[in-house]
Amino acid sequence: MANLTRFNLRDKGAEIWAGWSRPVRTVFVLAFIVLIGLMPFAASWGPTSFLNTPITSFQNVLVYPVGMFIMMALGLNIVVGKSGLLDLGYVAFFAIGAYSQGILSTLYGWNTWEVMPFGIGFAMLAGVILGLPALRLRGDYLAIITLGFGEIVRIVAINLSVTGGPNGIPGIPNPPSVFGLHFDLMHPETFFWLVFAMILLVIWMVRRFTIRRPGRAWEAIRQDEDVAALMGVNTLVYKLWSFVIGAAVGGAAGVLYASKVMVISPDMFKFDVSILILACVVFGGIGNIWGVVLGAGILAYMPERIRFISDARQLVFGLVLIIMMNMRPDGLLPRKKREKITEKGAK
Amino acid sequence: MNFSVITSQFWSLVLQGLALGLIYALVSLGYTMVYGVLRLINFANSEVFMIGTFATLYLEVHVLGYATNSPSLHGAKLVWTLVLVFIGSMIACALLAMLVEIVAYRRLRARGANRLASLISAIGVSIALLEGMRIITISRPMTTPRLLDKWSFGEFHGANFRIDTLMAIVVPIIIFVVLDRFVTKSRLGKSIRAVSMSEENSKLMGININRVITLTFCIGGLTTGAAAFIYTTVYENTVFNVGFNMGIAAFTAAVLGGIGNLRGAFYGGIALGMLEQFASAMLGSQWKAVTVFTVLVVVLLFKPNGLFGEAVQQTRT
Amino acid sequence: MNKKIVSGLAIAAAATLALGVVATSPASAAAKTSVSLAFEGPLTGPDAQLGQDQIPGAIYAIALYNAKNPKVKVNLVKADSQCDGTVAANVAPGVAANKAVIGVIGTSCSGEARASFPAFKAAGLTMIAPSASAVSLTNPKAPDRGFPVFHRVVAHDGFQAPALARYAAKGVASPKFYIIDDMTTYGGPLAKGSIPQAKKLGDVVGTDSVPKGTADYTSVASKVKASGANVVIYGGYTTDAAKLFKALRDGGYKGILASGDGTNTSDFPALAGSAAEGVRLTAADVPFDSILSKAQLAEFTKITGIKVPGLYSTTAYNATNIFLDCITKGATTRSAIQLCVTNGSWTGAGGETIKFDRYGDIIGGAPVGGYLVKNGVIIYDSVA
Chain A
38 MANLTRFNLR
48 DKGAEIWAGW
58 SRPVRTVFVL
68 AFIVLIGLMP
78 FAASWGPTSF
88 LNTPITSFQN
98 VLVYPVGMFI
108 MMALGLNIVV
118 GKSGLLDLGY
128 VAFFAIGAYS
138 QGILSTLYGW
148 NTWEVMPFGI
158 GFAMLAGVIL
168 GLPALRLRGD
178 YLAIITLGFG
188 EIVRIVAINL
198 SVTGGPNGIP
208 GIPNPPSVFG
218 LHFDLMHPET
228 FFWLVFAMIL
238 LVIWMVRRFT
248 IRRPGRAWEA
258 IRQDEDVAAL
268 MGVNTLVYKL
278 WSFVIGAAVG
288 GAAGVLYASK
298 VMVISPDMFK
308 FDVSILILAC
318 VVFGGIGNIW
328 GVVLGAGILA
338 YMPERIRFIS
348 DARQLVFGLV
358 LIIMMNMRPD
368 GLLPRKKREK
378 ITEKGAK
Chain B
89 MNFSVITSQF
99 WSLVLQGLAL
109 GLIYALVSLG
119 YTMVYGVLRL
129 INFANSEVFM
139 IGTFATLYLE
149 VHVLGYATNS
159 PSLHGAKLVW
169 TLVLVFIGSM
179 IACALLAMLV
189 EIVAYRRLRA
199 RGANRLASLI
209 SAIGVSIALL
219 EGMRIITISR
229 PMTTPRLLDK
239 WSFGEFHGAN
249 FRIDTLMAIV
259 VPIIIFVVLD
269 RFVTKSRLGK
279 SIRAVSMSEE
289 NSKLMGININ
299 RVITLTFCIG
309 GLTTGAAAFI
319 YTTVYENTVF
329 NVGFNMGIAA
339 FTAAVLGGIG
349 NLRGAFYGGI
359 ALGMLEQFAS
369 AMLGSQWKAV
379 TVFTVLVVVL
389 LFKPNGLFGE
399 AVQQTRT
Chain C
21 MNKKIVSGLA
31 IAAAATLALG
41 VVATSPASAA
51 AKTSVSLAFE
61 GPLTGPDAQL
71 GQDQIPGAIY
81 AIALYNAKNP
91 KVKVNLVKAD
101 SQCDGTVAAN
111 VAPGVAANKA
121 VIGVIGTSCS
131 GEARASFPAF
141 KAAGLTMIAP
151 SASAVSLTNP
161 KAPDRGFPVF
171 HRVVAHDGFQ
181 APALARYAAK
191 GVASPKFYII
201 DDMTTYGGPL
211 AKGSIPQAKK
221 LGDVVGTDSV
231 PKGTADYTSV
241 ASKVKASGAN
251 VVIYGGYTTD
261 AAKLFKALRD
271 GGYKGILASG
281 DGTNTSDFPA
291 LAGSAAEGVR
301 LTAADVPFDS
311 ILSKAQLAEF
321 TKITGIKVPG
331 LYSTTAYNAT
341 NIFLDCITKG
351 ATTRSAIQLC
361 VTNGSWTGAG
371 GETIKFDRYG
381 DIIGGAPVGG
391 YLVKNGVIIY
401 DSVA
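Protein chains in written order, with this note's numbering: chain A, 38 to 384; chain B, 89 to 405; chain C, 21 to 404.
No wet-lab data here; the hints were simulated from the structure.
Careful: at least some of the hints might be erroneous.
[Said to hold, decoys possible] One side only, chain B facing chain A, incomplete, derived with CB under 10 Å: (1) Trp99; (2) Arg127; (3) Leu166; (4) Leu170; (5) Phe174; (6) Ile175; (7) Ile179; (8) Val191; (9) Ala192; (10) Leu196; (11) Thr340; (12) Trp375; (13) Lys376.
Remember, it's a predicted structure, so these values are computed and weren't measured experimentally.
Glycine included, every Cβ here is placed at the ideal spot set by N, Cα and C.
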């Protein structure tokens, strides 16, 4: 038991990785990407058909919630995991991205690729507007402000006419085809590849940030904000950066999401989504990219897989959260040992 | 923006704001007490409240056997029935809150786990309770008998001094006074304050930390149970997801007043209750939540530890 | 029951080609001994009550059907879409991919319906909705219309909203309306849709939107009282209507209270207590327990475990029966079902004729009934 709960696959994995030469690594990564790319067909291939989800469509589940949750969890991980800021309103950025796509495409006829930079831009702008006042606050005060922000975005969407009020926006077009890949309802697998590509992009981005100056600043802030400030780190600027980059990822996910489901309404962007994404981050292993990916994958996929138990599905979900957190409080794949610290004020 | 309501309904809004705000204040104790000691947001408290409303309903309907259309009670029978249900609801919530501590927090705390791990396990408890109750009640709302007839003492400039409104104001005030004395004067109360200032030093002083934490959850549960009883008696119905809005409101009240601080919860609750009433009257109810959070942001910008947060500042180092 | 049988496999197959509808498995259809119907609606989550109230109607209808030992047995697939477009967007393709499913009873919410259309249209899977009442779903010009798969056995809000205003103000000399909604996809359009009619009948002295799940309605009550309104219309669901009406009565409001079918549930009189007396309700749905005989109600309870049928269990029952009737007539493929549902004509549980127009609404509109609460019971009053 003790072995099971203390075993850190992440450290073990890093050890193996370090032992490999460059070509071996490249082959491994490529093989891995191809394998994931084949995922949409797993449900219809004999040996992996147990993965199939009853009632819901497996390929669609892979796009949303699985793919989208992984992407958003990675975005939230920059905020919560890297710089230690508790954000309970992450869904706001997702909503802003989705509504950008909804409004710009239905009113002005822009396609997804044209909207994408704007959706990301609006989300980042919202991140700055929210972040400037909110990030001056410590810890749990930030939590309630972000929670409030998430609710405000949803309520404003209900109250305005440009967002279609409580009905939302119907008739959002799918993304236009690229390289002969069609993005429509009959091709959820191409959507999955698109989301997968975005996820890889986010992972690459996060890894670059982590090993450079911002990553070190975030790490310092997370460990002890006062000391970091004393050492000359401009804490507000770096906190704002992590917040805004997280927002950008959420916005991008929102744009993709809206063009996938074609209909959006305010009730898709409730507080529950923020909580679920946060649960994905912590469940998988806060601060560790691979843990977050695994956690989000499992938490998004599990409720769909156990749909056959119908009514009790959400109850089981709650119990799994309790049990897993008690067994592995640092998540499935915790961050590196040396990165673990007791946070200030925590006991 | 409708300013005329301020003149025409001022006292009515103040009275209702007080009644609602003090219910918030009682529930927010479930957040603030725990936060003071553990530095954790007790996310399951909203569902403790929900269970409290159902405990009240269960006691009235199934234990005492009143049908939903039973006539109202009077005199001594009314008093002892309400007191009995009140105590029952408080005990049920206190037991549940302590159970939540054992299930969601204790093991994690013993291992010195990340704060967020406890947050998520508390959310897990919250989801499990919510969905469990949903399955039991087949998602149906339920109603309680009107045991307390809503007679009025009279009106004052449009404010209606109804018995249930007054109960929702007087009972929480009594609870707060008692609790305030308990925390500042009694030995156990002092140990709670000691732990919230410094856990290590408290340990050195020979305080049993686990006992103090259990006690904190117990007190939070008791006040949340009291709030659930008052809520159910005033509004006379409940549903499995009743805790969600109440939880967010109470948490907001706690932060507004200064989380971790008993008096902060009291004043934060009142401030929030007033704010909600006046915002709905002046701007329309659809902007209520937006107004509340905007005010919250502004308050926190100028007073980063909430309206009454000085005491927290001391405990934070 | 007046029936107009237009089915049979040969016609269906021909129609499939003619209409260009995708049929999933016509080849194996002849040998089918069991098919499935899917119920798509909220069964968990915050809006679970809606679906949990409806699905017993479907379970009851199917149990009665299967008890007769028909050639083709029918199973019910529960597709929980949580009244959430996001979830529905996933559930619908999954339901469509299940080859056994030949018809969908659903959806409960309009938002779910919109998100489900793309998948069901592609699969040629017919929907009959018990309660999705947004006008645009059957509007030929709306981008989110459900043609040709969508049908509903419920009057849309375009009928119900003006009827609600008319019925609320019935017998009032100079009505002064106060119109309140719950900011949901259902309550918002219903309340706002009643405003034009209300303006024709009298004055609208105030409006408010109070989010569903609000605990305290006292400030709304004092506003209403201060406005001098004598007719209050609420667009929203039972729980909140009960809270609002109680607050209004306890706050000394003496005028008329009215609400739509979201409130017209057997739970309502009990929840609102004395405040329920005299409340005027409209519904495109007739309460199921008012239709069933004592023996039938006992059987309903035995089959579903539900004592009092909830809101829209009648329409769910009607929707299910339309499918079952088509299956009895030999329509066991998606295309045959579509043809049968589009062209057939049935008698609903309340005795009304059900026949769909091209875009899926009942021809002539489903009747909107006016109901009164008297002595704690909702009784039918007149056509609203």
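Of all the hints given earlier, name the ones this structure violates by number, lowest first.
1, 3, 4, 5, 6, 7
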